[in-house]
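Starting from the known structure of chain A, fit chain B onto it as the hints suggest.
Number of protein chains: 2
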Amino acid sequence: MYRTHTCGELRLQNVNESVILSGWVQRIRKMGGMTFVDLRDRFGITQLVFDQEKNPKLFEKANRLGREWVIQCQGIVAERSNKNLHLNTGEIEIIAAELSILNESKIPPFTIEDDTDGGDDLRMEYRYIDLRRNTVRKNLELRHLIALEVRKYLSEHNFLEVETPVLIKSTPEGARDFVVPSRMNPGEFYALPQSPQLYKQLLMVAGFDRYFQIVKCFRDEDLRADRQPEFTQIDCEMSFVMQDDVLDLFEGMMIHLFKTIHHIDIHDFPRMTYADAMRLYGSDKPDLRFGMPFVELKEVVSGHQFSVFDSAEYVGGICATGCSSYTRKQIDELTEFVKRPQLGAKGLVYIKYEPDGSFKSSIDKFYNANDLETIAEEVQAKPGDLILILADEKKKAQKVLSELRLEMGTRLGLRKKDVFAPLWVVDFPLFEWDEETQRYYAMHHAFTSPKPEDIVLLSTDPGQVRANAYDMVINGVELGGGSIRIHNSELQHKIFQIMGFSEEEAQFKFGFLMDAFKYGAPPHGGLAFGLDRVVSLFAGLDSIRDCIAFPKNNAGRDMMSGAPSPIETNQLTELSLKLIDSK
Amino acid sequence: MYRTHTCGELRLQNVNESVILSGWVQRIRKMGGMTFVDLRDRFGITQLVFDQEKNPKLFEKANRLGREWVIQCQGIVAERSNKNLHLNTGEIEIIAAELSILNESKIPPFTIEDDTDGGDDLRMEYRYIDLRRNTVRKNLELRHLIALEVRKYLSEHNFLEVETPVLIKSTPEGARDFVVPSRMNPGEFYALPQSPQLYKQLLMVAGFDRYFQIVKCFRDEDLRADRQPEFTQIDCEMSFVMQDDVLDLFEGMMIHLFKTIHHIDIHDFPRMTYADAMRLYGSDKPDLRFGMPFVELKEVVSGHQFSVFDSAEYVGGICATGCSSYTRKQIDELTEFVKRPQLGAKGLVYIKYEPDGSFKSSIDKFYNANDLETIAEEVQAKPGDLILILADEKKKAQKVLSELRLEMGTRLGLRKKDVFAPLWVVDFPLFEWDEETQRYYAMHHAFTSPKPEDIVLLSTDPGQVRANAYDMVINGVELGGGSIRIHNSELQHKIFQIMGFSEEEAQFKFGFLMDAFKYGAPPHGGLAFGLDRVVSLFAGLDSIRDCIAFPKNNAGRDMMSGAPSPIETNQLTELSLKLIDSK
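Residue numbers (our numbering), protein chains in the order written: chain A, 15 to 597; chain B, 15 to 597.
With the rest of the complex left out, here is chain A:
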């Protein structure tokens, strides 16, 4: 037997018991004739004591141990004189009687501490050592717990978890597919799913009524910090539901998660239209941990010979409470912030509403105190506040103002990691127009249903059609989204037409779904959450990478195993493939 207890288990009540522990040497301290070893496993740390006087041979053996060696130790539990109340096991120690070295260890390339001295690349290369750190392991424990609670909640609500295939048909719409050559069918390829969308809709046609799956999905896109080639979705679909049924049920799921994981009651799940979200926050995923909504000022500010405002499509402002004391330097920082190449604003207008009721602004030449007071009233500023105004083409101004709002929220400490502001954004546009390819693309996906009252617009003004689509947003992060689907094959064909698909294309890409819809498709809808994002939110992480056991870097490479890697020529030949010389 390797152990009688884990390293996180022993307490005062175990004093005098003979125990066996196994684990890793976290730390060795030598004090006089005593050697103390902190023995670590996933469950905790227990102190082992080796006494030179009582057992000189064992003492000597202990002194030869190194960091991260794997050992087994038998001994008697004793009360510590010098208790460490930060540790669950800090009231006891083990007076060692026997010691076995199960495995030695080279000196690890970085320290196994919450704040390690290892850089990102080194941590990824030695991920198996990085994962020994509490902070990293806790994210994965949280991930396990969240997945478990999701499954519990959904199962209790009559959802069935059904595994859909990973080797599927390639449908070149949306992001780029990863493909898998088929040896048995030369020249043909499977695709890895970007989502189980078609299969979950087929399960609704099959009468499964409520489906979910926690499932890996794949996108061959150029990677950013917050993207991985493989990611995990909580994928769900329901039959015989209206939009509110879906929203209520998954809001319930999130409430359940906050309750069981964080012991927080979240009740308030406001629903905001996409139009309002854009108008008030310039974003379809506004962070509602704080207010600071946009106020459109075009009308109020026009006609003062200030050409920047007069000529702009859009003038909008936000009010930063209590920031009238901002210095020239701070204002300059904000101006630099909005002028960064990624945002590209031409400038930033400020109005300081001084505590004494006077105004100082960068537009004093054009606006007198009365004018500025009118603007202040419009944005509901009070003495002591700072008003920030941007003017530009509308879409761009909203985007920049949205970033500026978030920056001010951060500066004001209004974006706390332990505060959660959930939100449904609803009524998304059905289509987006793409200038480059001169066609409409589905904003959510091709199977999203239009709002019934907007169906008349399909023929006249598709860009104005709103969809039965919704996103769940918490703290400015889009955790998931979905829609009520089209279950009528005529309407579906109409949508394909608007997207510029020929009959043949539609048949080739989605034919089996269209066929299925002819055999009694029920009304249905659903959504998918990004599990990585949900875990990151709950763990307070900035990147999804930290909640994935073995993530890939921005070049899609696993730094530990070296994947991807060349394969042997005969493997390629078996697949009827050869490499194109890249010279």
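Accuracy of the hints is not assured; some may be wrong.
[Said to hold, decoys possible] Using 25 Å as the maximum straight-line C-alpha spacing, the simulated SDA-like pairs for lysine to any residue come out as follows:
hint	chain 1	residue 1	chain 2	residue 2
1	A	592	B	519
2	B	230	A	567
3	B	273	A	162
4	A	532	B	40
5	B	166	A	170
6	B	592	A	594
7	A	532	B	112
8	A	532	B	20
9	B	532	A	86
10	B	592	A	588
11	A	273	B	162
12	A	523	B	580
13	A	166	B	162
14	A	532	B	573
15	A	523	B	567
16	A	120	B	525
17	A	532	B	147
18	B	230	A	559
19	B	120	A	521
20	A	230	B	158
21	A	166	B	230
22	A	120	B	510
23	A	508	B	121
24	A	592	B	580
25	A	532	B	127
26	A	166	B	163
27	A	230	B	155
28	A	273	B	170
29	A	592	B	582
30	B	532	A	576
31	B	166	A	172
32	A	152	B	162
33	B	230	A	161
34	B	71	B	120
35	B	465	A	18
36	A	592	B	199
37	A	523	B	592
38	B	166	A	275
39	A	523	B	576
It is worth saying that the hints were derived from the structure and are not from the lab.
Using the frame of chain A, we list chain B on its own:
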């Protein structure tokens, strides 16, 4: 609102309630001035009644409905005069007041009944219709339930579910990998995992202590009825364990499953060595629902001038209780059975131990009644029994006799689907010698540890080394298997040497695992269950295909979507690949 209740929910206590149901038209019966519609959803069937006299317009509308149309019906719950006690809802019916057609349906290509008239190919092409059948859906409900209970059991035993990557490094050992070209790394490929073996061992090195994952795995092998290119494993690994710890824990998991799923108590999990399993049943996965062990007869039967026995390496017999009455025709069938090309026996010897104590046999020429009685005693036959004897090269004879034993078990009705005989087979050989490539292959896999007492044999007689490897077998099906792993990199190198890997090969294939083992690898071991097989066993299915939502056929093709399929040339070019002309 589409429905107030499901079609499986209403009972006598709901009588007089106004309800709304939605579902599929299972059946329409017209009797006089009444039309009865069986409305079906996942939860059950409810009868709707349309009365010509009371509501002629609605009656007419109902008469236009077709099979599998999706409808919504509002009405009042009423007690049925003609109750159907086979249905949960059979005591009530709905007196229809309103009817909406949500979707029409073409006439389905086969009937949605437990015994459908659809052939396998048609069912696979229209899988979304096939899945509407109770029998198919129930398998998937069972699958959901089993996965849920596995997760519950393992979580309660401190296992963490950790997702390992799907895009991994190709390691050309074992079965053939599916590969995925990397666009971002031209000429390089990911592989899809045949199992998360390396990653789960790395998680042990990372101190995760207890890991599991219900995970898709992939093998690009030529397919048989019971194989799919993608399949699902319950993959597990534990640290600081001996073999018995692993066996106890997973036997506990199976006991939990039988208890919660089938409400059966299974206590008896005997452990049998591989050597005994081969000796007694000629198989490493014996079906222990019945006895009928092999008896080695070489010694007893030798020296009677019967050259078939005298010259054979192995002579073995089984005793079929109560089969002395077998006719000539039945004996001939058994002889044909063992002579089939797949088995290839040269013949079958029988001895009938007649109820009156006399003998009739196919070897009367060589053996007198006394001789036959000695044989009968050896195989513990009693009057009324039939003794069947095979003689051949040992391995072959055991294989054929094993099949014959199963055939007799089936004929005797001893292989009941609701009887479960679990078993651990232990002490597998570490290596198998391959004549063709003239090298040893790991029987389980390259990371399996030898039994400590056999380590000395590694240098002298590797073929005799037994492994700390084990298989769980129930009813002759290998549900899962695993081993205690090597955690010492020197021993691991020794094993690689025996398998004929050069230092470079080993480093290229498994370098990152070998590296990891230098940083404090704990003793560890684990196993993996085939979820598809577990579900099949619990569902009493003959093929795993019936418990997979969207299986592929023997050519690896999804008959519904048509995957795999050709992709566009520019997709290939992006991947730096081109097709080899196959002509």
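Of the hints stated earlier, which fail here? Violated hints: none; all satisfied.
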